Amino acid sequence: MQRPAAAGSLGPDNDIIVDVRDVHYAVNARPIFNGISLTVRRGRITAIMGPSGTGKSTLLRLITAQIQPDRGSIVVWGNDLSTLKPGEIYGMRKRMGMLFQQGALLTDLNVFENVAFPLREHTKLPEPVIRALVLTKLHAVGLRGAAELMPAELSGGMARRVALARAIVMDPDVLIYDEPFVGLDPISMGVILRLIRSMNEGLGITSIVVSHDVQELSTIAHDSYLLSGGRVVAAGTPQELAASTSGEVRQFMTGSDDGPVPFHYPAPDYAQQLFGDSRGGRR
Amino acid sequence: MSAATDTNLIVRFVRTVGQSALFFLSLLRHVIPALARPRLVVHQIYNAGARSLIVIMLSGFFVGAVLGLQGFDLLQRFGSEEALGVAAALGLLKELSPVVTALLFAGRAGTSLTSEIGLMRATEQLQAMEVMAVDPMRYVAAPRFIGGIVAMPLLAAVFSIVGLYGAQLVGVQLMGVDPGSFWSQMQSAVELNDVTEGVIKSLVFGVACSLIAVFEGYHATPTAEGVGLATTRTVVASSVLTLLLDLMMTATFL
Ligand SMILES: Nc1ncnc2c1ncn2[C@@H]1O[C@H](COP(=O)(O)OP(=O)(O)OP(=O)(O)O)[C@@H](O)[C@H]1O
Ligand SMILES: [Mg+2]
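Respectively, the protein sequence lines represent chains Z and B. With the working numbering applied, the first sequence corresponds to residues 1 to 283, in that order. With the working numbering applied, the second sequence corresponds to residues 1 to 254, in that order.
Quick caveat, the hints were computed from the structure, so don't treat them as lab data. Quick caveat: nothing in here was measured; it's all calculated off a predicted structure. Glycine included, each C-beta is placed from N, C-alpha and C at the ideal position. Mixed in with the good hints there might be a few duds.
[To be verified] Output of the computed footprint for chain B on chain Z, the stretches with three or more beta carbons under 8 Å from beta carbons of chain B: (1) 94-104; (2) 116-128.
[Said to hold, decoys possible] Not the full set, but computed from the structure, chain B residues with beta-carbon under 7 Å of chain Z: (3) E95; (4) Q125; (5) A128; (6) V134; (7) P136; (8) I200; (9) L203.
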């Protein structure tokens with residue numbers, strides 16, 4: 001089921017699909033990453049966890065070459081992204097599927113056409129084949145009956161499931177999920193979890209899952225990384241992370257706001273801001 | 001303080017002009033690939049055209065009728081009311097149709113283009129396309145740009161036709177200008193050059209207004225407020241640029 005590897009992907013580290021090396025990235029002079037490094041291995045489910053606002057979505061944008069790091073390099077399938085031409089980046093993206101945090105369905109197309117979109121853009125398959133493929137994927141996420149609805153008529157969870165069907169319709173080698181579990185009912189959550197696992201086990205798809213849901217992730221992930229403060233603070237299997245004695249890891253796993261990981265966005269002193277002069281109140 | 005804000009404004013203005021010039025070049029590069037999928041382009045011509053058609057026809061009628069009234073009043077003073085047809089035709093073809101159509105287009109089609117594209121950015125649709133290896137410049141921006149350029153002269157033509165009937169209604173039916181001389185003088189006095197001038201103007205306005213609308217949407221800050229601001233900027237910039245370009249082109253043609 002593995003497709004022929006892209007040029008340049010042969011080498012001793014053939015098994016490493018994504019290699020993030022010492023990446024620095026800042027938005028408006030505010031650093032998001034100060035030297036983050038991690039690897040994603042072929043055929044494994046890699047979990048990326050971390051508090052809200054640490055830059056998990058930003059990391060996914062870096063990996064899909066939507067933005068470029070200020071320093072450091074990102075190597076995908078053996079190619080340094082900074083050396084790729086736009087056409088090659090598009091070629092790389094055709095082998096990836098991505099589930100956006102908000103679904104990001106195209107609002108002027110109905111559910112069926114949204115899922116068919118990548119097929120129509122990148123293949124010349126005859127209509128009956130497209131129809132069969134799309135309906136199969138929609139069936140897998142339980143929304144075959146919603147094919148004619150417009151995105152505005154879907155709930156948030158339904159939109160995410162349609163987006164998942166769209167992400168897998170091209171049979172990608174790598175699937176990237178940004179917060180796939182948020183706002184799903186327990187049944188849909190179970191369906192999505194099983195789907196992620198079955199695509200990994202059955203088709204050997206490499207998966208990157210970004211989520212806060214430590215419990216859910218630990219049932220499916222092979223490797224996990226915990227991000228905080230712009231770097232990786234812990235890495236290992238979910239079980240290793242759960243057993244970690246490090247304060248930062250324990251705090252995240254147990255969900256306490258009191259610990260080394262700041263729950264608050266950087267701010268001036270609380271008491272001083274409340275009772276002192278008004279400076280710092282507005283910027 | 002005011003000197004600093006002034007330089008800031010100038011820097012921002014120059015930067016925006018530079019950005020839109022680059023965006024324009026990039027759009028032009030995507031025109032041919034976009035034309036390879038005519039379905040999208042045709043859809044956008046329909047969108048830009050049909051959305052503005054009613055307002056263009058209504059305004060065309062009113063402007064034509066006013067032209068009939070004012071023209072009659074003016075020409076009557078020189079005893080040459082039969083020239084009303086010529087006056088209305090030249091005023092509409094060379095000036096009023098292209099300009100008023102462009103202003104209305106900016107307010108109707110331009111704003112909806114900007115807010116549509118801006119919302120696509122705000123809801124990550126453009127980013128999703130990029131990740132699906134579909135260039136949003138080709139799929140979203142270029143078809144809308146072409147659609148606007150094609151729709152503009154068509155709308156201006158509709159404006160002229162409806163406007164002439166408005167002028168005719170007032171001049172001939174109301175004021176009693178001889179219908180024969182109204183139409184025949186128009187036929188003999190209006191030259192192909194006059195029509196060409198109007199068509200060139202509306203093509204140029206089509207490029208300008210569509211470019212601004214697509215540019216503002218594409219670069220809108222991805223929030224509700226950002227999209228609202230971008231929509232306002234589309235109307236203001238399109239209107240001012242239309243009038244400026246009109247002055248420049250009229251001076252060149254005369
Ligand atoms: N376009 C932008 N402009 C300014 N700041 C940004 C921008 N995009 C992201 N940021 C900042 O980068 C940080 C990381 O954002 P990101 O969306 O990657 O977080 P996240 O880890 O995905 O959070 P969540 O779990 O809530 O989705 C945030 O603190 C945010 O303020
Ligand atoms: Mg996020």
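Q. Which numbered hints are broken by the structure, listed smallest first?
A. Of the numbered hints, 3, 7, 8, 9 do not hold.
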